[in-house]
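Participant: What follows is each chain in one-letter form.
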Amino acid sequence: MTEAELIKLLKCLADKSRLRILSSLAKEDMYVERLAERLDLSPPTVSFHLKKLEEVGAVKSRKEQYYTVYSLCPEALSINLTEYFGCSGDRKQDERDEAYRIKVLSSFMEYGKLKSIPAQLKKKNIILEEICKAFDFGRSYPEKEVNLIIADFHDDFCTIRRDMVGVGLLSRSNGIYIKKSERAT
Amino acid sequence: MTITEFIQYLEAEHKTCTAQAETLAADDRRDEANMQKIRANIFDVFTVVSKTAEKRFPQNPLGFIKERIETIPTAWKQSLAAAEERNEYNKAATERIKLQAMDEIRQKFNDVARESE
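Residue numbers (the numbering used here), protein chains in the order written: chain A, 1 to 185; chain B, 1 to 117.
These are computed hints drawn from the structure, not numbers from a lab. Errors might be hidden in some of the hints.
Stated by the list, open to error - Dumping the calculated SDA-like pairs for lysine to any residue here, alpha-carbon to alpha-carbon at most 20 Å: (1) K51/A <-> N87/B; (2) K60/A <-> K37/B; (3) K37/B <-> L41/A; (4) K16/A <-> N90/B; (5) K51/A <-> E85/B; (6) K91/B <-> P44/A; (7) K91/B <-> F85/A; (8) K37/B <-> E54/A; (9) K8/A <-> A40/B; (10) K11/A <-> Y89/B; (11) K16/A <-> T23/B; (12) K11/A <-> A83/B; (13) K51/A <-> T4/B.
Claimed, not checked - Some chain A residues close to chain B (C-beta under 8 Å, calculated; not the full set): (14) K16; (15) P44; (16) F48.
None of these values were measured; they are calculated from a predicted model. Built from N, CA and C at the ideal position, the CB exists for glycine as well.
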């Protein structure tokens with residue numbers, strides 16, 4: 001659930017009448033008039049609340065003969081807030097990292113080619129990780145092949161090859177390169 | 001019922017709706033509180049219309065009020081139809097509340113008009 005969805009849900013539930021409607025539906029599915037009678041509210045007021053609850057996925061409706069019957073959606077209300085707060089910080093950071101990555105790639109790459117090698121380390125690592133995707137895990141690459149693969153991105157394959165080894169994306173031994181990681185260290 | 005009593009009715013309804021709005025808001029029923037505020041506003045509008053009629057047309061205030069009762073809700077009905085077509089249930093609910101209050105006012109006004117004949 002995104003932050004915006006959670007806020008929308010909690011705002012919707014922050015109403016006594018809607019909580020009472022949900023409590024009633026937790027016991028049994030009901031149509032509008034029955035809920036209105038039970039909760040001493042007018043049917044239009046109940047309909048209004050049910051529309052709000054349906055909008056956030058807390059209830060769903062189905063047609064039964066002449067009536068529209070409403071039922072609870074337990075899965076929508078099963079959110080574990082403690083767990084959500086534990087993960088949400090990471091989730092926000094992941095979203096920010098991904099947005100930054102996309103920004104760097106669109107600045108420095110065009111039609112799959114690298115326009116220039118970034119000077120800033122953080123940006124360079126993003127580019128190197130992107131180039132690293134052209135390599136497969138579990139495969140040995142002779143230096144010539146590594147050069148050819150990198151040259152597809154940029155003419156200065158020597159610098160990029162050296163940097164990829166330097167940040168731990170590739171390992172080198174006796175002129176043979178192996179992909180070690182997808183994340184630069 | 002005289003025009004003065006009609007105005008008193010409108011003012012009393014306005015007061016009742018306002019008080020109910022406060023009670024509902026305090027009871028964490030904010031949407032229903034807002035509905036009562038909308039109702040209160042309609043009674044307030046027609047209080048002003050009636051007082052204006054009383055001042056400007058002391059000989060025949062009812063004619064002025066009747067004309068307003070017919071014309072003012074026209075826009076609300078159009079707004080309701082448009083909102084229902086676009087599934088804007090919030091907007092539709094607001095217009096229905098206004099029209100419901102209008103129906104109550106019209107009913108009361110018709111009693112006033114009948115008695116004054």
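Participant: With reference to the structure, classify each hint as holding or not holding.
Facilitator: For each hint, the structure was consulted:
Proximity of K51/A to N87/B is assessed by CA-CA distance (about 11 Å); at most 20 Å being required, the pair is judged to hold. Distance hint between K60/A and K37/B is unfulfilled; the C-alpha atoms sit about 29 Å from each other, more than 20 Å. Taking the CA atoms of K37/B and L41/A, the gap is about 17 Å. The hint holds against a cut of 20 Å. The hinted pair formed by K16/A and N90/B meets the criterion: a straight-line CA distance of about 18 Å does not exceed 20 Å.
Among the hinted pairs, K51/A with E85/B is consistent with the structure: their alpha-carbon atoms are about 16 Å apart, no more than 20 Å. Of the supplied pair hints, the one linking K91/B and P44/A holds, its CA atoms being roughly 13 Å apart against a limit of 20 Å. Between K91/B and F85/A the CA atoms are separated by roughly 34 Å; this puts the pair beyond 20 Å, and the hint is violated. Our distance criterion of 20 Å between C-alpha atoms is broken by K37/B and E54/A, whose separation comes to about 25 Å.
Between K8/A and A40/B the CA atoms are separated by roughly 28 Å; this puts the pair beyond 20 Å, and the hint is violated. Distance hint between K11/A and Y89/B is fulfilled; the C-alpha atoms sit about 17 Å from each other, no more than 20 Å. Straight-line distance between C-alpha atoms of K16/A and T23/B comes to about 12 Å, which keeps the hinted pair within the 20 Å bound. Distance check on the hinted pair: K11/A and A83/B sit about 23 Å apart at the alpha-carbon level, beyond 20 Å; violated.
At most 20 Å may separate the alpha-carbon atoms for a hinted pair to count; K51/A and T4/B exceed this at roughly 41 Å. Taking 8 Å as the C-beta contact cut-off toward chain B, the hint placing K16/A at the interface holds, the least distance being around 4 Å. A hinted interface residue such as P44/A counts as satisfied when its beta carbon comes closer than 8 Å to some beta carbon of chain B; here the least separation is about 6 Å, so the hint holds. Evaluation of the F48/A hint against chain B yields a held restraint, the C-beta minimum of about 5 Å falling below 8 Å.
The structure shown violates the earlier hints numbered 2, 7, 8, 9, 12, 13.
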